[in-house]
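Taken in order, these protein sequences are the chains called A and B.
So the first sequence is numbered by the numbering used here: it starts at 781 and just counts up by one.
So the second sequence is numbered by the numbering used here: it starts at 124 and just counts up by one.
Derived by calculation from the structure, the hints in this document are not laboratory data.
Even for Gly, the Cβ is constructed at its ideal location relative to N, Cα and C.
Don't take each hint at face value.
To be verified - Covered stretches of chain B (in silico footprint by chain A; criterion: 3 or more residues with CB under 8 Å from a CB of chain A, positions within the stretch not fixed): (1) 146-157; (2) 165-174; (3) 178-187; (4) 213-219.
Said to hold, decoys possible - Distance windows between CB atoms, simulated: (5) A/Ser838 - B/Asn141: 37 to 47 Å; (6) A/Tyr790 - B/Glu178: 25 to 35 Å; (7) A/Arg844 - B/Ser191: 36 to 46 Å; (8) B/Asn141 - A/Arg844: 43 to 53 Å; (9) B/Asp189 - A/Arg844: 38 to 48 Å; (10) A/Lys858 - B/Asn141: 41 to 51 Å; (11) A/Pro861 - B/Thr200: 47 to 57 Å; (12) B/Asn145 - A/Leu819: 14 to 24 Å; (13) B/Lys179 - A/Thr856: 30 to 40 Å.
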Amino acid sequence: EAEVAQSPRYKITEKSQAVAFWCDPISGHATLYWYRQILGQGPELLVQFQDESVVDDSQLPKDRFSAERLKGVDSTLKIQPAELGDSAMYLCASSLLRVPTSGEQFFGPGTRLTVL
Amino acid sequence: SQQGEEDPQALSIQEGENATMNCSYKTSINNLQWYRQNSGRGLVHLILIRSNEREKHSGRLRVTLDTSKKSSSLLITASRAADTASYFCAASGYSTLTFGKGTMLLVSP
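For reference, chain A alone in the conformation it holds in the complex (with noise of 0.2 Å):
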């Protein structure tokens, strides 16, 4: 069964330090999403692409953070420099479908960021 694959799956950083997460979607989603999600809490977005193009990405602190998705497979989310704040759980997700419509998404493990 295809999967949502990102890496690392634990990382642990000190405070000023540049971070950088991977996702690769399951094959054929056109669409790409960036999630964190704080321990108690529901996942938030941070950004959403389709294809190589960023849909939506109101919602993420572009002063220290930047996310690209080059060929539209595979994409990275970087965070620079990190705050301890920025410590949560970094969740990808993917979907079959375009914008407009939202459907399912398919959730990799996510990467579970300390900021020490």
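Assemble chain B onto chain A, guided by the hints.
Showing chain B alone in chain A's frame:
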């Protein structure tokens, strides 16, 4: 900010009992979805109900939607220990999902 709120925040039941979770949302939607998350893992899609539907069933799951009250409920019948997880509703607008804070369900053997 999160659009939805689940109620209760936590629920503890015995195997075989039914579990009901409620969700409220704030804006108009295309559909509403429910997801399950086991501890420290990714989310798994459970069921989707469209805005023009009032009730939907899938196995032991029953979802209702009341768009006039902007609310939904998820019923899990004959619960099992394996149902222990957090459950999130997600309101679908244009093309994105807005999740609630979730209900933690504990099913004891």
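Tested hints:
1. 146-157: Holds: 3 residues of the region 146-157 of chain B have a Cβ under 8 Å from chain A.
2. 165-174: Coverage by chain A holds for the region 165-174 of chain B (5 residues, Cβ < 8 Å).
3. 178-187: This one is violated; 0 residues, fewer than the three required, reach chain A with a Cβ under 8 Å.
4. 213-219: holds (count 6)
5. A/Ser838 - B/Asn141: 37 to 47 Å: At 39 Å between Cβs, range holds.
6. A/Tyr790 - B/Glu178: 25 to 35 Å: About 41 Å separates the Cβ atoms of tyrosine 790 of chain A and glutamate 178 of chain B, which means 25 to 35 Å is violated.
7. A/Arg844 - B/Ser191: 36 to 46 Å: The hinted range 36 to 46 Å holds for arginine 844 of chain A and serine 191 of chain B, with Cβ atoms some 42 Å apart.
8. B/Asn141 - A/Arg844: 43 to 53 Å: Holds - the Cβ-Cβ distance for asparagine 141 of chain B and arginine 844 of chain A, about 45 Å, lies within 43 to 53 Å.
9. B/Asp189 - A/Arg844: 38 to 48 Å: Holds, at about 41 Å.
10. A/Lys858 - B/Asn141: 41 to 51 Å: 45 Å, holds
11. A/Pro861 - B/Thr200: 47 to 57 Å: This hint holds: roughly 49 Å between Cβ atoms.
12. B/Asn145 - A/Leu819: 14 to 24 Å: The hinted range 14 to 24 Å holds for asparagine 145 of chain B and leucine 819 of chain A, with Cβ atoms some 23 Å apart.
13. B/Lys179 - A/Thr856: 30 to 40 Å: 37 Å, holds
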